[in-house]
Amino acid sequence: MKIRVALAGNPNVGKSVVFNNLTGGHQHIGNWPGKTIDKAEGTVNYKGNEIYVIDLPGTYSLTAYSAEELIARDYIIQEKPDVVINIVDASNLERNLYLTLQLLELGANVIIALNKMDLAERENVKIDIERLEKKLGIPIIPMVAPKKEGMKELLDAIIKYAKKSVKREMNYNEKIERYIDEVEKIIEGKLEGFDKRWIAIKILENDKEVKKKIGKDLLSQCEEIREKMNKNVGDPEIALADARYQLIKDICGDVLTKERKVTVSDIIDSVLLDKFFGIPIFVSILWMIFQFGFMVSAPFCDFLGDGFAALSSVLSGATGIQWFDYLFFGDYGVLNGIGMVLSFVLLIILLYFALSLVEDFGYMARAAFLMDKIMRKLGLSGRAIIPMILGFGCNVPAIYATRMIPDEKDRLVAIVTNPLMLCGARLVFFSAIVGAVFGKAGGDVILSLYLLGIVLAFIVAIILRKTILKGRVSPFILELPPYQMPVPKVSLSKAWQRGKLFFTKAGKVVLPGILILGILLITSTSFTYTENAEESLAAAIGKAFLPIVAPLGWDWRLLVAALFGIVAKEIVLGASALLYGASEETIATTMASMYTPLQMYSYMVFILIYVPCIVTIGAIKQEAGSKWAIFTLIYGIILAYIMAWVVLGFGHLMGVV
Amino acid sequence: MIPLAMAPEGKILRIVGIRGGRGIMQRLMELGLVPGSTIRVIKSTGRGPILLEVKGSRIALGRGISMKLLVEVR
Ligand SMILES: Nc1nc2c(ncn2[C@@H]2O[C@H](COP(=O)(O)OP(=O)(O)OP(=O)(O)O)[C@@H](O)[C@H]2O)c(=O)[nH]1
Ligand SMILES: [Mg+2]
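The listed protein sequences derive, respectively, from chains A and B.
Our numbering puts the first sequence at residues 2 to 658.
Our numbering puts the second sequence at residues 61 to 134.
Be a bit skeptical, because a hint or two may be false.
[Unchecked claim] Straight line, CA to CA, 25 angstroms or less: simulated BS3-like cross-link-like pairs of lysine-lysine:
| no. | chain 1 | residue 1 | chain 2 | residue 2 |
| --- | --- | --- | --- | --- |
| 1 | A | 209 | A | 229 |
| 2 | B | 128 | A | 276 |
| 3 | A | 374 | B | 128 |
| 4 | A | 410 | B | 71 |
| 5 | A | 197 | A | 81 |
| 6 | A | 276 | B | 71 |
| 7 | A | 501 | A | 471 |
| 8 | A | 165 | A | 153 |
In short, the hints are calculated from the structure, not lab data.
Note that the structure is a prediction, hence the values are computed from the model and not measured.
Turn these sequences into a full structure, and let the hints guide you.
Listed below in structure tokens is the structure:
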């Protein structure tokens, strides 16, 4: 049998964990609300049934006021899934049941997956499941999704109730039911395919989408009742919300026992959200993430780099074809180039790992809370700090994460400024060269680049807010989830999932890029083989464009590396290997001998700001449209050019040579 | 009756009214911030956002909204 199942629930209740468990998918999981905004789909075969599962965006309710809520409810109304699994957070039962009641209003065939049972226990919340089942009249499966507890029971329930619908009507208090009944009578038999009770409730709630479906005559009759209700019981929207919460209170009365006491989260919050220390702590946490990445990966990175260099020198001369050996295994060869990039894989994965830990701990929403006041002044929503932090890993998932910002303009500002966050790919290049060029000051140089990116993002945001994206930042409303001890295995597998992108990129983008550069470097302008880079095609191309960057004082090598880096920023490092020499040390010392530290710094500033990599541009195009993708591209190049030039000029002024 | 933004930390409060558009009102109500319900201020940060306990969950509200929610101390 084919069964279609939809997962619905409040944000952050564990829908995606359940989805991934069921389908083997890789939906983004983390301890902050609003990660899944689009519908994700997958299938699972169980006991001869083909179960099609869809992960709906997390919502607190099903009104017509927000995009996610419309996506979720339209899916249920139009696609009529056989079963709706309502994932409910056991540690937060009352609030979660508000959505449950609305799913029942819709006439959906609902099963409750009562998730986070472990958390409920930790917080001394006790639920009498049998009694709750009886009162709601629908099946309830207790679960701890990350431990896969309750998954089998859930699958069995899906199969059982797909055939036998448990449709159930919940009645609110008499005062309100009167009006629902009256509207129901008016629309009786007039609307095919909709649950009439639901339509009646939505009309009373003045739902603009539902009202569109109803003829003028009917509507004006209904409006009369709405008016009457307004006069007698007050604002119908408030009255209905109140009625739902009243019913929930009645249901929970002898089902739920909570021992109110100070929770661990309260204690942690009293420190991390401190008025004075909150933001300094936030900054130190970021600093620790990077320190952790650097310190742990450094030895491994050197080791891998040496390994590739050794491999190269062993293989050189292997084929006996001179140009081939030189192109692939030479000191300036492709193998060295790609090896250089790959040797940083641990840094990337550790960075993702540390970011995942912070995310799974529950700190992201806190960062938004802490930064809201400052961000608001700069024209960004406090929520925008979350994609910014994720951008320090990779801008691509960060761009997708901006979906948790509800307002369109707020979100566009966040998308367009995100590439200014110094991502792992750029970090790879910077960390490879700062040591030799700047000596002990290398760490500070990288720190200054991080800060520069952040400051520029804020400046761009302010300018956008005053010009093409005028408007006020939308209000800040965010649920802060309870803190959770991150499970290292989970965070690690997540880091690995994202780290895999680094490998894919290395194979699909970096390697071809470097290979093309390599070929251009061994081909002379008269199309013969050459080992003298100065007379190569690459040099000719670089020199042709040199006048454009004359004010920046570049030579053709810097230009060629930057040109190739348009595709992916890792290429800048790989290309450097082909242009300057075999190992990280050689590159850095060659560069140090060819350029002054000031020139190098100005170049790094350029690389930081100019075009985001191709994949990021693609993500921006997908999320905001071509217009904004092109805009980001162009402002990036202009800003990079100006900043690189300013750095040079300022340096000269200060007497740095 | 005072705006929530002015409410003292730690006190149990009752929501009296919500001023503001329909959209905002619905978003607050779905989080449990319905007129008549009780809440507690966990943390207020001067001119920044405010952290509330609402029906067992922690809800952060920006300064703009917390000025629009009217509460009374119980
Ligand atoms: N302790 C505990 N944590 C859980 C449980 N289920 C999920 N979590 C955690 O809750 C957080 C949210 O899980 P997700 O699956 O990302 O939640 P979601 O409902 O998809 O969230 P959105 O997509 O943001 O709406 C993650 O940190 C999970 O590890 C559970 O049963 N117990
Ligand atoms: Mg999700």
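Notebook entry, point to check: Of the numbered hints stated previously, which ones are contradicted by the structure, given in increasing order?
Noted result: 4, 7
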